[in-house]
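**Student:** Using the sequences and the hints given, assemble the complete structure.
Taking this note's numbering, the leading residue of the sequence shown gets 2, the next gets one more, and so forth.
Treat the hints as calculated values from the structure; they're not laboratory data. Careful: at least some of the hints might be erroneous.
[What the hints assert, rightly or not] Capping the alpha-carbon separation at 27 Å, the derived lysine-lysine pairs in DSSO-like fashion look like this:
1) Lys182 with Lys291
2) Lys182 with Lys204
3) Lys264 with Lys178
4) Lys46 with Lys63
5) Lys178 with Lys204
6) Lys38 with Lys317
7) Lys38 with Lys63
8) Lys88 with Lys38
9) Lys317 with Lys63
10) Lys281 with Lys291
11) Lys88 with Lys118
12) Lys281 with Lys178
13) Lys46 with Lys34
14) Lys317 with Lys34
15) Lys281 with Lys88
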Amino acid sequence: MKKTMSTINQVATLAGVSKATVSRVLSGVTPVKDETKSRVLEAIKALSYSPNQAARSLASNKTYTIGLVASRIDTAYYGPAASGVEKALRGGDRHVIIASGNGSLEGERDAVDFLIKRQVDALVIITNFLSEEEISQINLRCPVFVLNQTFPGGEDRHISFDNFAGGEMATQYLIDKGHKKIATVTGPLWKHDAYQRYLGCQKALQQADLALHFQLEGNFSANSGMTHMQSILEREDRPTAIFFANDIMAMGALHVCAEQGIKVPEDIAIIGFDDLDMSKYYSPSITTIKLPLYDMAEATAYLLLNSVYGTHFPLKTTFSPELIVRQSA
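**Tutor:** Here's what the structure looks like:
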């Protein structure tokens, strides 16, 4: 005998509330008294009621689907970020469509267009090539939320991290270890996070009455770290310590040092930034600045849910760096 599916009207009758109240409990958009909400949820469980997603979307003019654009999804940085966003959104009963930019500007643009055409309610953008101005234009087409990035008009749409303090902290640690010839390999300086880390580095040196030995601009990739480390080792006046603006570049640099028999930190000290999981397993393990990426990704998802759907998840919007001391510096 075919089992008859429960309806929202049956849930409302059993709970002793209106159909509209049941809808409010299901959507999470409008607050409902705890006692009333409890009765509705008990009725839903008793009747094994499953809301019709299509009808729900028609009634609210929302798809309850979020688009996530990551520059790549196969790296130690973007993977945890995407995982944190997806887990939190799924916990908020929202579907997530993930699109990769495959490591290029055109790929990131295509991923954005792909998701907007699928009528997502909002976008989470975790990219490497889209400029702040372009993200601002995308925000006019679909609500955009970012972490560790900013964009004009998105003052209430981002989860921030004190990159300036992180850059200052990394450099101060090298100064405290007695280094006076300190160089830095930055990320792309048009990016807000990379530029703030560079400015923080400069501040620590100025306060110690030291000059930056030199600065090279990288692109956050391992190849960039390798290329710049090679050029540094060819210099007659080598630095005694280098602040790399992310762990991945630091890993590339350590690979070159190992190939050339350069001892770290005895011959040259290296400090990174991000505290990726694999940093602790490198040889030598990488001294770095912790950026709580997974927690920030979750917070971005909660910010989106509260802003777009009117939910009330507890929210932390600002995160601070932490020095992680290991073997490389």
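**Student:** If you test the structure against every hint from before, which numbers come out violated?
**Tutor:** none
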